[in-house]
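Number of protein chains: 2
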Amino acid sequence: MPAEAFPLTAGRLPPARGVRYLCAMADNAAPQPPVEFETHPSRYRHWKLAFEGSIARLSMAVREDGGLRPGYQLKLNSYDLGVDIELADAVQRIRFEHPEVGAVVVDSALQRLFCAGANIFMLASSAHPFKVNFCKFTNETRLAIEDASAHSGIKWIAALNGTASGGGYELALAADEILLIDDGSSAVSLPEVALLGVLPGTGGLTRVVDKRKVRRDLADVFSALPEGVKGKRAVDWRLVDRVIPRSHFDQDVRDRALELAALTDRKADGTARELEPLQPEVTPDRRQYRFVTLDLDAARRLATLTVRAPAEPAGADAFPWHLRAFRELDDALLHLRLNHLDVGTVLLKTVGDPALVLGHDRWLAGRRDWLGREILGQVRRTLKRLDLTAKTLYAVIEPGSCFTGSLFEMALAADRSYLLASEKAATVELSPLSAGALPMSNGLTRLQTRFLHDPAQVERVLAHRGSFAPAAALEAGLVTFAPDAIDWDDELRLALEERASLSPDALTGMEANLRFAGPETLETKIFGRLSAWQNWIFQRPNAVGEKGALALYGRKGQRPEFDWRRT
Amino acid sequence: MPAEAFPLTAGRLPPARGVRYLCAMADNAAPQPPVEFETHPSRYRHWKLAFEGSIARLSMAVREDGGLRPGYQLKLNSYDLGVDIELADAVQRIRFEHPEVGAVVVDSALQRLFCAGANIFMLASSAHPFKVNFCKFTNETRLAIEDASAHSGIKWIAALNGTASGGGYELALAADEILLIDDGSSAVSLPEVALLGVLPGTGGLTRVVDKRKVRRDLADVFSALPEGVKGKRAVDWRLVDRVIPRSHFDQDVRDRALELAALTDRKADGTARELEPLQPEVTPDRRQYRFVTLDLDAARRLATLTVRAPAEPAGADAFPWHLRAFRELDDALLHLRLNHLDVGTVLLKTVGDPALVLGHDRWLAGRRDWLGREILGQVRRTLKRLDLTAKTLYAVIEPGSCFTGSLFEMALAADRSYLLASEKAATVELSPLSAGALPMSNGLTRLQTRFLHDPAQVERVLAHRGSFAPAAALEAGLVTFAPDAIDWDDELRLALEERASLSPDALTGMEANLRFAGPETLETKIFGRLSAWQNWIFQRPNAVGEKGALALYGRKGQRPEFDWRRT
Chain A
16 MPAEAFPLTA GRLPPARGVR YLCAMADNAA PQPPVEFETH PSRYRHWKLA FEGSIARLSM
76 AVREDGGLRP GYQLKLNSYD LGVDIELADA VQRIRFEHPE VGAVVVDSAL QRLFCAGANI
136 FMLASSAHPF KVNFCKFTNE TRLAIEDASA HSGIKWIAAL NGTASGGGYE LALAADEILL
196 IDDGSSAVSL PEVALLGVLP GTGGLTRVVD KRKVRRDLAD VFSALPEGVK GKRAVDWRLV
256 DRVIPRSHFD QDVRDRALEL AALTDRKADG TARELEPLQP EVTPDRRQYR FVTLDLDAAR
316 RLATLTVRAP AEPAGADAFP WHLRAFRELD DALLHLRLNH LDVGTVLLKT VGDPALVLGH
376 DRWLAGRRDW LGREILGQVR RTLKRLDLTA KTLYAVIEPG SCFTGSLFEM ALAADRSYLL
436 ASEKAATVEL SPLSAGALPM SNGLTRLQTR FLHDPAQVER VLAHRGSFAP AAALEAGLVT
496 FAPDAIDWDD ELRLALEERA SLSPDALTGM EANLRFAGPE TLETKIFGRL SAWQNWIFQR
556 PNAVGEKGAL ALYGRKGQRP EFDWRRT
Chain B
16 MPAEAFPLTA GRLPPARGVR YLCAMADNAA PQPPVEFETH PSRYRHWKLA FEGSIARLSM
76 AVREDGGLRP GYQLKLNSYD LGVDIELADA VQRIRFEHPE VGAVVVDSAL QRLFCAGANI
136 FMLASSAHPF KVNFCKFTNE TRLAIEDASA HSGIKWIAAL NGTASGGGYE LALAADEILL
196 IDDGSSAVSL PEVALLGVLP GTGGLTRVVD KRKVRRDLAD VFSALPEGVK GKRAVDWRLV
256 DRVIPRSHFD QDVRDRALEL AALTDRKADG TARELEPLQP EVTPDRRQYR FVTLDLDAAR
316 RLATLTVRAP AEPAGADAFP WHLRAFRELD DALLHLRLNH LDVGTVLLKT VGDPALVLGH
376 DRWLAGRRDW LGREILGQVR RTLKRLDLTA KTLYAVIEPG SCFTGSLFEM ALAADRSYLL
436 ASEKAATVEL SPLSAGALPM SNGLTRLQTR FLHDPAQVER VLAHRGSFAP AAALEAGLVT
496 FAPDAIDWDD ELRLALEERA SLSPDALTGM EANLRFAGPE TLETKIFGRL SAWQNWIFQR
556 PNAVGEKGAL ALYGRKGQRP EFDWRRT
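Line order of the protein sequences matches chains A and B. Residues in the first sequence are numbered consecutively from 16, following the working numbering. Residues in the second sequence are numbered consecutively from 16, following the working numbering.
Keep in mind that the hints are not guaranteed to be accurate.
It does not matter which identical chain is used: a pair holds within one copy or between any two.
[Claimed, not checked] Taking lysine to aspartate or glutamate and the EDC-like style, the derived pairs with C-alpha atoms no more than 16 Å apart in a straight line are:
#1 LYS226 x ASP256
#2 LYS226 x GLU413
#3 LYS282 x ASP504
#4 LYS228 x ASP469
#5 LYS226 x GLU192
#6 LYS226 x ASP469
#7 LYS226 x ASP504
#8 LYS571 x GLU474
#9 LYS90 x ASP191
Since the hints were derived computationally from the structure, they do not count as laboratory data. Remember, predicted model here, so these are calculated numbers, not experimental data.
Work out the full structure: start from the sequences and follow the hints.
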């Protein structure tokens, strides 16, 4: 294997000057400029996105000096959050702007190297909360690829024209098919355990045994083998689907992409529009989008997310309310996670005419075209992002709010909901979108998860016509508390103060365990089991201590020193 | 609530002298005397075990000065590992020695206090690997209670004659029914998040939402409420099954226990025998039981577990081979976990006549009596304990070995297996016990988990008559590698050296993720998702740092200081 195709062998990279103690320092480092999540293909620095009939080609060509933050070089198609933000954008563009596309080929613009995974020096110099939230975002992006395959008729081929190691192979694992060049050297590998003393951070272990169903003992050998597996053995072990000689690799990839694209039910019907830029107005305490407002109260470590109902009935707008509002909500959640780490609690509010929300929900539920499906997918994925946000979520349901259907899902996603039982009562209401269109990561709807103890209650509340008055909503179990106007302020204030006093780590762990009752899926395994273990390891001296494997990576002649006790 | 019934409010306990920095120090503390796991009701210090016809009564009466290690007092029915070892023994005794019992009442010998949970000062002064392995053992003990309910016709009532907080309520959650005294003060609670900045460590969060199916928002309120919930609300929220006034609490508990006991299919048929003591011969490098040998190679951080085949055909012995051998294996695994933390890799070997193992497996598979069911349960639980042991497991299959049926499950539980393909070939063979009698925690057999990619292969190997020769075993996917005699030594040596060089934390995380492909259950959720989060939190400065909540617990006037960043 040529040196440039396998970057993760210690000593082959230039020594990481000053990285050694950064991992500890980073937790107290000065604030970084905020991360922005909006981009556009015209501004991509790390990916080339090209279209040829029914095929899109997404080629990774990471700019070494294009890191989101200073201090590391993105050599060998290694990535940081900035690279992944472009990938997430590309997935969105293909879904919404290119209905003619039925298959996507993900490859590399480099020779003999597909992708070296997440940049180690970026990881080693990142604070723990950033590292964890970075991994969460990359996980969601890979799940968005699988979501597009499952729901949108877009099939994905990882065309490994060179070695895919670590996060590079994990990106390939998100595709429907992995085609590996058979050139005697290109391999797939998960070298994290062996070289860095951490786990693959983007679902690799789970996808190897649960998606590709690699036999667990072979998965063990593979996951401890830094050089990885290539050629026929990679196929025999189910790590890739095919190996193809260099001479006809490009042709075979293209042929297969055309075959897969031919299966799609997408249709270029002239309704596709370029996604609008969100362009929020930003002040230090507020991020104001068209339908979403994010208010920040730094002193209380509190944020308020308010979603406004549509202003007009459904039907006319080229950019329907759901698409715009949930894209804004998605962006706001990412800002909360990455740029406002100190915020511990998020109040979820809505404002506007419930009848208009209901009308838009009915309109969306009734659409049968590709674009309707995509808009619904945006709502579904944004709500999953909400479920997976490591902040306490309290829904606050006041008069003038519109917790109806798709917006009521926000209240169901919340850890608790408070409904003000006043004279001019706030109400909640279900819609056709409440019945199954917006499942959680565990495969159940939020109503099913809520009423695990009494599945018939799901049917009962769905059969209810009209809105639920406060007492009825409480009785039906749709809200947690319904204080009257006299108690409202005190009760809410106390709930917020109590929550704000608790350990943020204990709350993250508690919420992650209580939100996902019921069945487990690949997604919940990745975010629950795998991520929790990775977070633990990311915190351990054996990885990030002065002599830890991650901290010492790339420092010639220095080997990590471990506390050998098994935990 | 009286002070003595609610110990977890800071300031109500005497200050913990010297505990403050122990949690950091403990990781480098001097070696402790080994923990012993064998005990006998005649030696119990913390539990009273009494029998009345079809009911057993297990009353918690923890001796304050009876801690396993010095430095903490077991006040208020709080427990340490020593208390839980007795509980685990009591569960075993009831199963094996009291077939007349169909229901067990677990209560407290104290007034107005059921159990205060794991002792905080013990936790705060324990090293991280000990803490994690302690929690794993207590989890397994609670699962053994549920296993006895599911498989052995023994129903469990937690009779909360006082407050059950933290691990006390988690113990109650393992029972089939929770009856709480209604005295105006006794409550159930999970105060860990609010008071200690950690998670309940014994499955509490999972059982609340997944077993008792408490609505997730109510579970959120409950799990953040240090004083807990009592009376009617505890029933309404599904936290307990009934509340009963003090005046007829004892009578109602007894009546209900009799009702449940009447449902059992257990029978006192005169075959019950007191469990033999194991009495291994112990030297620094070896633990020698009758059928199991544990050899320790401290320099290589390597252990070898060898299980011997029965010496005689099945049928005559009052203590059949399976019962004895798997009890020994169970004990050896606990020693490995708690007393040999540095051991990273365990070689699994067998020796003896495969035909005798097969004979015993067939004999056990054919038994239809309560004792056969119990012996099978011992095998099942021991193999689960093996699956859940955080050490690398390599099965070594050499000539003279007997990896047949129940013993071949050890090879299937291993992360890898090495079979020596010599002239006098070692073989592997399935038995009637391979087909479903010994499921893993995920609910699948080890063969089903292994062949997730090809369920028909399970049927094919089960249909195979006789043993598999090396080439056939390799071809069928039953072993990982089958080197010949020339390569054998080198290959095994290299595999062990490579493994021994890797980060023990990364290996623990990797193995925990690769071993449990397929469906998830309450058990796998507890050991995967919940424990991984707890381990993470147990390692975080917000819990165990100098100003962490766990470290400062009980120190009057000192409040924890948190790094507020959400992760």
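Status of the hints after comparison with the structure:
no.: 1; hint: LYS226 x ASP256; verdict: within (13 Å within a copy, 40 Å between copies)
no.: 2; hint: LYS226 x GLU413; verdict: neither (44 Å within a copy, 33 Å between copies)
no.: 3; hint: LYS282 x ASP504; verdict: neither (52 Å within a copy, 61 Å between copies)
no.: 4; hint: LYS228 x ASP469; verdict: between (34 Å within a copy, 9 Å between copies)
no.: 5; hint: LYS226 x GLU192; verdict: within (11 Å within a copy, 38 Å between copies)
no.: 6; hint: LYS226 x ASP469; verdict: between (31 Å within a copy, 13 Å between copies)
no.: 7; hint: LYS226 x ASP504; verdict: neither (49 Å within a copy, 35 Å between copies)
no.: 8; hint: LYS571 x GLU474; verdict: neither (63 Å within a copy, 51 Å between copies)
no.: 9; hint: LYS90 x ASP191; verdict: neither (27 Å within a copy, 57 Å between copies)
Violated hints for the displayed structure, listed by number in ascending order: 2, 3, 7, 8 and 9.
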